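Asker: Position chain B relative to chain A; hints supplied.
In the order they appear, the protein sequences are chains A and B. The numbers in this note's numbering rise by one with no breaks, and the one at position 5 of the first sequence is 11. The numbers in this note's numbering rise by one with no breaks, and the one at position 26 of the second sequence is 31.
No lab work stands behind these hints, which were simulated from the structure alone. Please note that the accuracy of each hint is not assured.
[Said to hold, decoys possible] Computed cross-link-like contacts, DSBU-like style, restricted to lysine-lysine with a CA-CA straight-line distance of at most 35 Å:
1. K70(A) with K20(A)
2. K22(B) with K47(A)
3. K47(A) with K62(B)
4. K61(A) with K103(B)
5. K47(A) with K70(A)
6. K72(A) with K20(A)
7. K47(A) with K76(B)
8. K22(B) with K62(B)
9. K72(A) with K103(B)
[As the list claims (entries may be wrong)] Derived list of chain B stretches under chain A, where covered just means 3 residues or more per stretch with a C-beta under 8 Å from a C-beta of chain A:
10. 49-56
11. 106-114
[What the hints assert, rightly or not] Simulated restraints on C-beta separations:
12. I18(A) with R113(B): 25 to 31 Å
13. T61(B) with K20(A): 47 to 53 Å
14. G101(B) with Q35(A): 16 to 22 Å
15. Q35(A) with Q27(B): 34 to 40 Å
16. V9(A) with K6(B): 33 to 39 Å
17. E20(B) with T63(A): 42 to 48 Å
18. S15(B) with G67(A): 49 to 55 Å
Computed from a prediction, not measured in an experiment: that's the story for all the values here. For each residue, glycine too, the CB sits at the ideal point set by N, CA and C.
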Amino acid sequence: GAVVSQHPSRVICKSGTSVKIECRSLDFQATTMFWYRQFPKQSLMLMATSNEGSKATYEQGVEKDKFLINHASLTLSTLTVTSAHPEDSSFYICSATGRTDTQYFGPGTRLTVL
Amino acid sequence: KNQVEQSPQSLIILEGKNCTLQCNYTVSPFSNLRWYKQDTGRGPVSLTIMTFSENTKSNGRYTATLDADTKQSSLHITASQLSDSASYICVVVPYGNKLVFGAGTILRVKS
Chain A
7 GAVVSQHPSR
17 VICKSGTSVK
27 IECRSLDFQA
37 TTMFWYRQFP
47 KQSLMLMATS
57 NEGSKATYEQ
67 GVEKDKFLIN
77 HASLTLSTLT
87 VTSAHPEDSS
97 FYICSATGRT
107 DTQYFGPGTR
117 LTVL
Chain B
6 KNQVEQSPQS
16 LIILEGKNCT
26 LQCNYTVSPF
36 SNLRWYKQDT
46 GRGPVSLTIM
56 TFSENTKSNG
66 RYTATLDADT
76 KQSSLHITAS
86 QLSDSASYIC
96 VVVPYGNKLV
106 FGAGTILRVK
116 S
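This is chain A alone, in the form it adopts within the complex (with noise of 0.2 Å):
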């Protein structure tokens, strides 16, 4: 139990335009969703923690309007990096809650800007 997916999986865009990652939890209802972004050989970094039905809680020094984050139902979570440029290619990662707080990752999303 408790699967998370992500699509898609690898994402290759031009520079300027928009990207929408999705993250659903398949067989459970995700309170809180959570997007993480990971650099080459570097640690997860938490861009945002969402709930369903408001607003997200970004971290600091995470543009809310580069990075928009829907929340919409309580298993789907959507990533939107707007005007996308070369320096936000990174590996996106959402992961997902239910009732305990232990956290479900996906399977990432690998992101080129080029």
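Answerer: For chain B alone, kept in the frame of chain A given last:
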């Protein structure tokens, strides 16, 4: 400041050998400590979860230990396999707060 330090940064071992990865933390108090395995290009997968009152937890060939007095945890892998090659991340969970991640240990198992 809540911190989690892992050592070594990277490790190469021969298939079939055992190894131990270390995790030192300053997070206090905490709810639980977790070890995750992250394959390249994949999300982390939970290996063990220990509450602050537990000393050891096993999951197949993986055994985690926790010493709350010295604030140290270790992950022991026995009879390593090529598929064990991955990054192993120690994560400490403070009460009602964000996860504190270690930088991970990159393990490479050679044949």
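Asker: Compare the structure with each hint and give your call.
Answerer: Okay, the hints, checked on the actual structure:
no., hint, result
1, K70(A) with K20(A), "21 Å, holds"
2, K22(B) with K47(A), "24 Å, holds"
3, K47(A) with K62(B), "27 Å, holds"
4, K61(A) with K103(B), "17 Å, holds"
5, K47(A) with K70(A), "25 Å, holds"
6, K72(A) with K20(A), "16 Å, holds"
7, K47(A) with K76(B), "25 Å, holds"
8, K22(B) with K62(B), "20 Å, holds"
9, K72(A) with K103(B), "22 Å, holds"
10, 49-56, "holds (count 4)"
11, 106-114, "holds (count 5)"
12, I18(A) with R113(B): 25 to 31 Å, "28 Å, holds"
13, T61(B) with K20(A): 47 to 53 Å, "51 Å, holds"
14, G101(B) with Q35(A): 16 to 22 Å, "20 Å, holds"
15, Q35(A) with Q27(B): 34 to 40 Å, "37 Å, holds"
16, V9(A) with K6(B): 33 to 39 Å, "34 Å, holds"
17, E20(B) with T63(A): 42 to 48 Å, "45 Å, holds"
18, S15(B) with G67(A): 49 to 55 Å, "28 Å, violated"
Hint 18 from the list above is the single one not met by this structure.
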